[in-house]
Each structure stands twice: as C-alpha cells, then as structure tokens.
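> In order, the protein sequence lines correspond to chains A and B. Just so you know, we're using this note's numbering here: the first sequence kicks off at 28 and counts up by one. Just so you know, we're using this note's numbering here: the second sequence kicks off at -7 and counts up by one.
It is worth saying that the hints were derived from the structure and are not from the lab.
Within a straight-line C-alpha distance of at most 16 Å, the following computed EDC-like cross-link-like pairs (lysine to aspartate or glutamate) qualify:
1. B:Lys83 to A:Glu232
2. B:Lys83 to A:Glu236
3. B:Lys48 to A:Glu71
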Amino acid sequence: MLFSSITFLYLFLPVTILLYFAMPHRGRNLVLLAASLLFYAWGEPVNVLLMLLQIVVTYVLLWLAERCRDKRAAGIFYILSVLLPFAALFYFKYFNFFMDTVFRVKTRSIALPIGISFYTFQIASYCVDVYKGRVERQKNLITYAAYVTLFPQLVAGPIVRYSEIERTLTRGADFSNLRRTFGGGVVRFAVGLGKKVLIANVIGEFVAEVAALGQRSVALSWAYAAAVSLQIYFDFSGYSDMAIGLGGMFGFSFPENFRYPFISRSVSEFWRRWHITLGAWFRDYVYIPMGGNRVSTARWMWNILVVWLFTGLWHGAGWNFITWGLLFAVLLVLEKGAARLSGGRKDARDAKDPGRGLVLYAVSKVLRHAYVVLVILVSFLVFHNDSLSGAAADIQALAGFGSRIAQDAQSTDHTVYAYMLRNRVVVLWVGLIGSTPFPMWVWTRVRDRLENSKIGSVAVCALRVVMAAGLLVLCTAYLIDGSFNPFLYFRF
Amino acid sequence: MEDGKWRSYLVVYVFVFCLAGVMAVLLISPKEAVSGAERRRLASKPSLTWENVLDKSFMEDTETYLLDHFPFRDGLRRIKALFTYDVLQQKENNAIYVAGGHASKLEYPLNEASIKRLADKMKALRQQYFPKQAVWYAVVPDKNYFLAEKNGYPSMDYGRMVRLLSQEFAAESDFCYIDLMSGLTIDDYYRTDTHWRQERILSVAHHIAEAMGTGSAMIFSEESRADDTAHQIADFYGVYYGQAALPMEPDTIVYLTNEVTDAAQVWSLEENLLGGADAGKAVMPGQDGAVQKPVYQPEKLADPLSLDKYDVFVGGASSLQVISSPGSLTDRRLIVFRDSYMSSLAPLLLGVYREITLIDLRYIDSKRIGEYVDFADADILFLYNTTIVNHAEMLK
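In isolation and in its complexed conformation, chain B is listed as follows (with noise of 0.2 Å):
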C-alpha cells in the first residue's frame, strides 16, 4: 500500500469494525432479564405485527430493547456520568448528587399543591374510614434535608412544607403532628440508597410510639435491646448508585431481631388474592390458607424477581400488608398509611403493636381498602417522606 494511503483507510477501516462488530455482539450475546446496577426488569424482545408495526410500537420497542441490552451497557452509563461530572462539571448526573459520601435526589422546589392534596386525601379517608378516631402524622425528610443547602444544592423549603401541612389541619383538632426531622442526621440513611438504616432509627420508633402513647421506655433502651441480634447483608448497592453510575462503596443492610420479630407474621393482599370467580376477594391472615411470611425474608436475596436488597423488610412493595405480633406487649393495632420507609420501621414497633397494617396508597385505591382492613378502636398514623408529600399525586 502507498504511503499515506493506509492512514486514509485507517479511519475507514476502525469506523466500519466498530460499528459491524458491536452489531455482531450486540446480536449474539446472552440477553438479562434484569439490571442488577440498575435494579431494574430489561426490555422484553418486541414482538413483530403489523398492528405493533403500524402504530410504531415495534420501532420503540426495538430501541429501547436495543438500548437495554447493549454490550457494556453499565461501563458506558459510567464513562457518561463520569464526563458528566468531570469534564462539563455537572453538579449532578440524572438528578443525582454525591455530597459528604451520600448520593441524593435533587427535589425541587416545594410544590404547595401536592400538599394540600396529600392534606385533602387524608381528611378524606378519615372521614370514610375512622372519623372518631386520633390521627397522628409524621414526615420523613429525604437526604437533601442534611446534604442540599450545606453543598450548595436546590431543595425544598422543607419549614415551609411542615408549616403548609399544620395549616392544613388547624382546623382539625384530633390531626397529631410528630416531629422526625430533628431526631435525624444523614448518617441514619445508607449511602447509596433513599433509605434510613434500620439500626439507626431506634430513637425514631421510640418516638412515634411515645407519641401515640404506647411508647415503653423498656422497649427501645439500649438494655432490652441488647438481646437483639444484628444480622448484616453485605454490598448492598442502593437505588441512587444505579442512577448515578458512578463508583461508590456498598452499603451494609443491618436488620435486627428478637423473639419478638422471630414470632410475627406478615400477610400481603397481593400472596392471599383469590382468582376465578372470587377474583378481587383475599384470604384474610388468620383464615385457613393464608400464607404468611417472616418479617425479614432474607430469602428475597436469592430471588431473581426481587431488585432490591431493601425488599428483606416486610418483603418489599406491597398494596396491603398486615403484621402480626404474638409477642407485643400490648392488644393494640396501629394502621399505616405509608411508603417504603416504615417497612424497616415496622418491625421496631412489634414489640409494643399486637398487630401492624400498612397500607400503601400508591398501590391500592383509597376507596378499595375498606374491603380489607377494620379501622376500628386502632391507632391511625400517616408515615410519608418529603418526595411523596411533594409529589401526592401519586397517591390514589
């Protein structure tokens, strides 16, 4: 070859292979079901119809499985957030911050419309369900609280949004507001996740319990926990981390138990729904053929289902759970209408609830739940974190 020559085809020739060869990798490599960075299900193989090819869904389909399944696909998401954040000096990378070792989730700014909707849905269902009954009310601040304003980061007016909250209810004499936010620091979450750490919210069980007015200063000293036993998951890689792609340490998931935990029991509607001609209809716990679960089921770790490490509380999402605790100290029933937090919250009420609903308004209409659950003579809290009071919408 000419001199000169083979450097004009050197581009040709680079450009050409690595297109043919990534199509030829991307054709015959072996298919996930499942991101594990991303703790998501990947994209399904599109099916080809004329109607799926008519109305397009074929082409998006095809993308996104292509985009799901390209080779090195969690290498690439890091070299993206990696120039993201390095060269065009992004303070964020798809909305995740890293600040003090945390990554966080930008939330902003206050939308005062969502809380007034998330006020309106819980005078509503009091109004249907327990209009006698107290009713106590409890906010859990997401990470930016701690890390935003110190890092120089947009967040929420979070005093505005307790403040909008307690207006919502000065009407409302039996609506109890519980303060969380000043009993937290950000070393009470994981890392790499939304979460608070089990291990570290003793004082904030402690609280709400004290508050409702079942609080047994015994229960959560140090003393009587000291039977507990800490069992440790290791590499726990949180939902942020995913999002992120950027190198980060694994967590550790701390999760405790005792006779108590050991003995309770956790139904959820979804295992116990009856299908054919009593579709819609549920086993109730207690009925002959209610399958119940252990309040940890560390078993979810091997389950190729489950995405998330997290879901070895309580056993993850679920519309409607119902814990039983044969070993509470109390006959006392607390219902919860809640999000992902009070999942590993839960199990540190057990020993002063004999029996714990939650019920999980994202999952389940608002109009459905009297078909499952007895409001009746049970202590009522609502449990939300600052992103689902800002976004109540999704609430039904």
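Here chain A stands alone, though its shape is the one from the complex (with noise of 0.2 Å):
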C-alpha cells in the first residue's frame, strides 16, 4: 500500500489509528501486526507469507541458540539466523543478474518482493545485535514480528534497529508525551507527503516528458540532470519524512535518514546525509567489522571498496548500481587519501589560519560544493538509468555532445525545449531551495520570534495546523487528478 494513496489515507490510517489507540497496551502490538501485515500483503497478496516465514524462521533459529549449551551449536544458529533471510534476498533480487553474468544464463525471471531490502536488513541486524548482546533476544513472537513488520517503515525505510524502538515495542508508547510527538507527526507526515506528491511527482513528469524526446539541447540537459536528484531526493526523503512522522503518531522515534545532502562540501559529508541508516548499517554491520581505517591502507582501501560494491548492489542488480557505487567509493578513496596527506585539516583550522585568507577559504568552500554538485549530478544520471549506455548518453549531453544532443534542431525543437523549462521551472526552484536547510530556518525564526508572545504562539499553532490541512487537501487534490505513481524506492 502506498502512503500517498487514497485508501492508505483515508482508510487504513484512520481504522489503524482508532483502533490502536482504543486498545489496552498489551494489545496494541497485536493491532500494529496486524495492520501491518494488511499494508503489506496489500501490495504482496502472495511474498506476505515469505516475510513471515522468514520472521518464524528467524526466531525459532535465535530461540534455540539462546537454549543452546553447546557454543559451536549455537554460534551456527546465529550464523543461519542471519544467513537465511540474506539467502532469500540473494535469490529474489541477485539470482538473474548472478546467472546472467557469471554464466551467461538467461533464466526465468524473479519477482522482487517489495522491500525485502529493507526488512532483511532489519532482521539481519537485530539477529547480529542479539548474538552480540547489544540487545536481549525478544521471547514475545508477536512483539518481535511487529518490529520487523512495522507499517510506517517497512517497505521503504528508515532502516531502523531493534535497540532503537525497543522500549516503545515492549513498554509502550510513553502517553505523557504522545500529544507532542503525535501532533509533530502529523506535521512531519504532511510535509513527506507533500514533498512527495507536490515536488517529486510534478518533477518526475518533467524528468519523464525530458526523457521521452530523445534529443535534447545543453541547457535542457542540465535541468534534467538536476530534475533527476530532486525527484530521487523529495522521493524518498518525503517517504522518510512520512514514516518518520507515521512512527511519532504510534509512539516511536525513528532515526533521521536525510539531512540537507545537497549542501554537502564533500562526498563523505554527503553520505553522513544521504540515506543515513543504509550508511550507518554498512558502516556498523560491514565497515567496522572488517576493521574499518584501523588496518593498512592497502587493507583500508579494500574495505572501502566491498562497502560501496555491496552499497551499489543494495539499490540493484544492475551494473548501473554496481558503478555508481564504485563511483563513490574510488571518489572516497580519493578524498581520505587526500585527507591523509595534508594531515586532515579542519575547515575552521583552515579559516583561521592567517597565510589563506577569508578570500581563498570562501573561493575553497564554493568550489568543494560545486564538486559535490557535480558528482551528485552525474552519480544520479547513472543511478537512474536502467543501463549505463544511457547514463553515458545523459552525462554526454551535459558536455553538450553525444547522441542526446540535437544537432540538426529545427526552430520548432527549439520551441519544445524552451517551453519545457518555462513550465517547469518554479517547481524545479522550489525543488532547489527546499532541499537546503533556508525554509526551516525561516519557519524557526517566525516561530521563535513569535513564541515569545501567547498570541504569537496561538499563532504558530494555527499556522502548524492550517500547513498541515492545507498540504493533506492539496496533496489529496493532487493524487484524484493524477494517475498511480508508485515511491522510486520501492524497487530496492
């Protein structure tokens, strides 16, 4: 089920949230689960059942290692608890590229079950986490199915660790605080939703029509490359935006997974804001265990590199992913390395230091950006495409050649490039302004400034909920006027 749909809206929330807040305590994992797996199977009529299996699976495997005297026995328990549901990930999403590359077989094609990706990082890390004692095992079946099931998060993040919602899962939500994080959830939906279907959906047209022409001038193909990472962007930061807010209504804190990436100076600073709990689990499940940058630099670099090859695989089978992982990470390689040889100076040491002056520091920090501008931009082009043909094509064209570029146009092409940009440039502005941290600042500074008043604060109130309404009724006018558009993440 789609969080930007009318039934999820307008039916399963609402029945969820009367139905979860009417229950006793001790019942209300019992209603999660259940909706849960409704929201699921609503999208998976059939692969709910593999879920589930893989829920039983997993914790019958960590009940009998817990039972287990024989270490040896039950070190293999851990290992199939964690190996299993990575098995099933294997075969529903790698399985046809495996064969197709390694043996050159063609074989029968494999759905892929939506968000298997994600739950299975889910289990995968709590069964690590208990075999590692960082948590205690969850005896409760139905508490421990309810955390991997979890609606608002499931299908397409923020990935979120057992340790993290524990509390809530076993205790409940803390009902003192409720009527704030409730409330802040609502807003934090509204505005996912609206990032959603108001920016990313209209952007998508426009990366669909650009798209569709086949040829294209210099101009065109820049706002096309940038109109690709908003899309990617307000697509699935509005899905975190909306389960994050979704988990504050039943209680939960969910981590953050975006902060502001495009401000970024650095491609190490962009992945601390992109997809912060995909990087964080790489890190924690991956990076550190295989001893991270405490080994030799030759050892280090490998690290790097099996990280962003499984980081690359983890959005796809494809070799477009495969690259743009491995883009990112010789681009990282390059960075630390570089990092390394000037002794891994601060930006602020580098201010203060006399000899560089406030001129070249500036200059320094405007060209940093524009490198990761540029990075993200042919990265997306390369995510986004379904071959690497095409990503070569897209990034041509923004040198102004290749076959994208439309040598011979008539006036009459001219017209339609032209035209495409006038029709959508507010919307890529919006896109562009509100990917950067301004329209918080300015929603903090009015609401600060006028806090300190009791009418001020009527104010604020009035001003979160008319936001709110106003964004659920737009959107809402936007997904009855529009045709199905499923969230780009959904695929991974």
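Build the complex from these two chains, which are given one at a time in their own frames, with help from the hints.
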C-alpha cells in the first residue's frame, strides 16, 4: 500500500489509529502487527507469507541459539539466522543477475518482493545485535514480528534497529509525551506527503517528458540532470519524513534518514547526510567488522571498495548500481587519501590560518560545493538510468555532445526545449530551495519570534494546523487528479 | 486543560477528525455512475474474490473506485488545477492549456512514423476495396494550429505533416488533397472542446463538395441556408473543460436543420447487429427491422449513457453509420473514413449526397468493413484531424 494513496490516507490510517488507541497497551503490538501485515499484503498478497516465514524462522533460530549449551552449535544457529534472510534476498534480488553475469545463462525472471532489502537488513541487524549481546532476544513472537513488519518503515525505510524502538515495543508509547509526538508526527507526515506528491511527482513528470524527447539542448540536459537528483531526493526523503511522522503518531522515535545532503562539501559529508540509516548499517555491520580504517592503507581501501560495492548492489542488481557504488568508493578513497596527506586539517582551522585568507577560504568552499554538486548530478544519472550506455549519453549531453544532443534542431525543437524549461521552472526552483535548510531556517526564526508572546504561540499553532491541513487537501487533490505513481525506493 | 496543552492537541484532533470524517463521507455518500465534468463512467465497486486478491486487481480497483468516488472530487480537481497554474506557474494542467479563451490539448512532436502508417493504411484500403476509384483526403487542424505558436506553446510542424502525407501519395495520382487548414480560424471551434462548430463550417462543406465535384454553390449559399433552423443546446462543457478542471464559460452547440436533414435517417452498425447464430451479421439499411434514427438526436442529452452533448450529431461515436438522404439533389454516394469531426460535417453534405457512409476505423477492423459496405461507384474521402494523423496506431 502506498502512503500517498486514498486507501491508505482515508481508510487504513484512520482505522489503524482508532484501533491502536482504543486498545489497551498489551494489545497494541497485535494491532500494529495486523495492520502492518494488511498494509504489506495489499501490495504483496503472496510474498507476505515469505516475510512471515523469515520472521518465524529467525525467531526459532535465535531461540535455539539461546537454549543451546554448545557454543559452536549456538554459533551455527546465529549464523543461520543471518544467512537465511540474506539467502532469500539473494535469490529474489540477485539470482537472475548472477546467473546472467557469471554463467551467461538467462533464467526465468523472479519478481522482487516489495521492501525485501529493508526488512532483511532489519532482521539481520537484530540477529547480530542479539548475538553480540547488544540487545536481549525478544521472547514475544508478536512483538518481534511487529518490529520487523512495522508498516511506517516496512517497505522503504528508514532502516530501524531493534534497539531504537525496543522501549516503545515492550513498554508501550510514552503517553505523557504522545500529544507532542503525535502532533509533530502529523506535521512531519504532511510535509513528507507534500514532498512526494507536490514536488517529487511533478518533477518526475518533467523527467519523463524530457526522457521521452530523445534529443535535447545542453541547457535542458542540465535541467534534466538536476531534476533527476531532485526527484530521487524528494521521493525518498518524503517517504522517510512520512515514515518518521507515522512513527511519531504511534509513539515511536525513528532515526533521521536525510539531513540536507545537497549542501555537502565533500562526498564523505554527502553520505553522512544521505540515506543515513543505510550508511550507518554498512558502517556498523560490514565496514567496522572488516577493520574499518584501523588497518593498512591497502586493506582500508579494500574495505571501502567492498562496502561501496555492496551499497551499490543493495540498490539493485544491475551494472549501473555497481558503477554508482564504485564511483563513490573511488571518490571516497581519493578524498580520504587527500585528507590524510594534508594531515586532515579541518575547515575551521583553514579559516583561521592567516596565510590562506578569507577569500581563499570562501573560494575553496564554493569549489568544494560545486564539486559535490557535479558528483551528485553525474552519479544520479548513473543511478537513474537502466543501462550504462543511457547514463553515458546523459552525461555526454551535459558536455554538449553525444547522441542526446540535437545537432540539427529545427526552430520547432527549440520552442519545445524552451517551453519545457519554462513550464517547470518554478517547481525546479522550489525543489532546489526546498533541498536546503533555508525553509526550515525561515520557519524556525518565525516560530521563535512569534512564540515569545501568548498570541504569537497561538498563531504558530494555527500555522501548523493550516499548513498540515492545507498540504493534506492539496496532496489529496493531486492524488485524485493524477495517476498511480509508486515510490522509487519500493524497487529496492 | 492547562495552558498550551490544548494547542498540542489541536493538530491531533484536526488531523484525526479530517481523516475519519472523510472516511465516513467516503463510505456512506451516494455513489454516482457518471462524472458529468469528466464525461466518463466512474469505476464500480470491486468484487472481493480470492482470484482478485491474488492477482492484486482487487487492490488496484479499490484505489480506482475510491479515487472516482472521493467526496468533492470536482472541487479538489479544480484546486489542483489552480495550484498548478497559479502557484507552480505551469503552462498546462493535464496537458490542457487555456489561451485566448480557448482550451486546447498539447500535441507534439510530429510523429513521422505515424504519418507513414496512416498513408500505408489508406493505400491498403484503396488496394483492397476501391482500386479503380479516385480518392480525396483532407486534414482537419486541431486547435494548436491556431493557438500554440502564438502563445509560446510547442506544437507539431503542420506544414511538414501535410508535405509528408503528400509525398507518400506522390506516386499515386488518384489521391487528391483537399486543403481545409487555410480556410479555418480558431473561432470555428468550441472554446471548451476539441471539435469545430457546425454553424461555422458551411464553407468547409462547400469546399469539400466542390473539390469532389458535387459542389453546388446554391446548396451552401447564404440564401439557400436561409430556411435552415438553428437549434441551440446551451451549457455545453466540452472534453477539454473536464480535463483542464478550470473555471470556463460553457459553449452553446448549434445544429442546423432543414427539410433535407429532417428527412434523412441514420443507420448504425451497433444498433443493428444480430445475436445468436447470426452473430456478426447485421440488418442492413432498408431491410425489414432495420433501426434508423434522425440525423440529429437531441434525446441523447437526456440519455445517462451518453457522456457527450456532441453526440447530438448523428448519435455520436459508431464504427459504421449509413445516412440516407432522400432529399438530396443527386444520387451520388459518399464513403468517408473519418473521426468525430465528420459527425457535424456530414449533415451539411446531405443536400448533395443521397447516401453517406461513415467508417470509424478506431472501432472496426478494416478487414471487416467489406462485409457491410459496397464501395462501387462511390466517392471516397479520408477525413482525419491532425491528432489522429499523429496517432495512426489507433486505426485498426
């Protein structure tokens, strides 16, 4: 089920909220589990059984591991509890690609269950954490199943670890705080819905229109590259906002997944701001166990390469995703290598260095930001395209050559290019500004100033209500007038 | 309630009230079968079966059903349209734009493969059904021809479209082009609809008749039309009005009647098809039991199954129609491969043709028309609007 669907917004959600809060504490996880299974089965009526099977199998394996007195046997159960979900993930997501790439054998296409990458990672992190003793094994199957299937973040993240929501799952939501978290969750959900429906989908229409053209001008190629990046960002961060907002409504505190990644001044910083929970997962469960950066330089570079190969593959079984991951691996190695060579001086220290001067500092800031923007534009063209040749053509078009650039464009073609840009220029600007902290900075200043007085704080409250209600009405209007538009990250 | 606490609850209550309230209205409100504004039938309630659930059609149909029957649907669509135009400053909504008081649908770029496909289809039809007869063809410009370039919107290269079509028939001397584009203006079209206005295309009818050798100036002159009665149908909201969802004044449909049109009768294949063992066969015009109707069918306005007031012209969309005109000045027959633009033009030609056959290849396979139509000695005309020329794949 899509968050941005009438079925979810006006049937599933109100019924689930009413049932959840009408139920005594002990029954709430059961309500969440039932609602989550319905939510998932709405899109995957058969594969919901696969998810349930994985939950039961890992529950039993951890139970066996805990009861087992033989350490080796217990270890085998722990290993199986991690391997089996990954085996399922491999089969459904990578088997066709693997057979085609390694053995050059075309196999029958296997449909990818929605959200399998997300819930596999959640199950694996839980099993590893139990093994490491970071969390206690959840003895209640319903509570464990509610954790894995929790509908707000089931199909597209953020990737929530058991330790992050264990308290709410086991002891219930903190109701003294709920009026604040629910209210905040509503606003966050509405903002996420707006990001998805009003920005990502509209920019997505522009992306589809330009892609359908075949050939384009250089200016349109740059706008297209920017639109691709903005569409992916608003689609995914919008979903994360909705997930975090829904979590808040039910008393859960989910981790942040995005922190304005497009303002980054290095690729390392970008990945500390983009899909934060995935990066943290790979850091904690792959990179650090491999030794992280506390190894030889060659081994450290190998670690980065492996992590980013997996990061690319996590997004999909395709050469474009592998290339995308490896591109970041190379850039990260270069950046970290450069930082090591320069002694890892920090920006602030550079600024204070009287030899460099403020102008030089400002120029370096701009240049570093420009470099990251260029990397983002190019990398997301690779990410967005189904084939590497298509990505190469889109990247060549940025430089003004290749098959995408219209060499013998007629005046009617130029009218089309100019029209397409004019038609979407406002939403592209909205996207560009909306991807920076500027709107939040403005809101925070307005709120802080108003909340100094009693009438001002009433105005802030009214503004929040009007904004949330307005976004809900507007998004509903778009959904009614529009067509089916699934989230991009569902395919992962 | 302590100071400030109610404010925290306000967002919660408004949100839950909105969702639950809309859900209640959604569930209990009476459901319409047809959307007047969008001129389409609305989705019916999906049936819950194991098969429907497993193949996910139940879920998809439920979403469609809820979207179609959402409370205040038309109002919400208007909100979206206004936001799109006024806030996002988009030049169109659902590919419909409004310029100079006219709504029009964007259509670009020129699909050259489609032009070839159409030409091949026309040649194949000639080869199969009327190899020795002369053939005329004409292209009706869509409203972008008049509006797009002037208002900064992209459009097809209409000149190239006609040139390419002519090139396709360069080796076929019996294909004659009738130019309609130069004689029309934007005022000849409804403001809210795609179609041209019958009362404004008398010169088009004259031009076609003249080109095909049946043009009697008298039939189309002002004096001869003095006896015509102009009937008006007010509050006509055309197809673009529904799609644009913007506030626009309605059009008025005017249709012209006279003794000739009053005497004419329309036979439609769909209304005369036989069932049972004779499935596929039809009661042909003139045979006992044939269903024939008047050329203008204002009763369509009250027909809940009729979604379009434009259906008043020869009863609307049909795969095959035969209009018999006993009041014609000649005994000639005309066979037209056509789209909906011909529906309002055909009655104007009844004075010079004893019988006009209208074939819409969007609804009937071209291989089947030989079962119902005799092409011998008839004048043959292909008349399509530019949108069909650009999307010839829809012709069977």
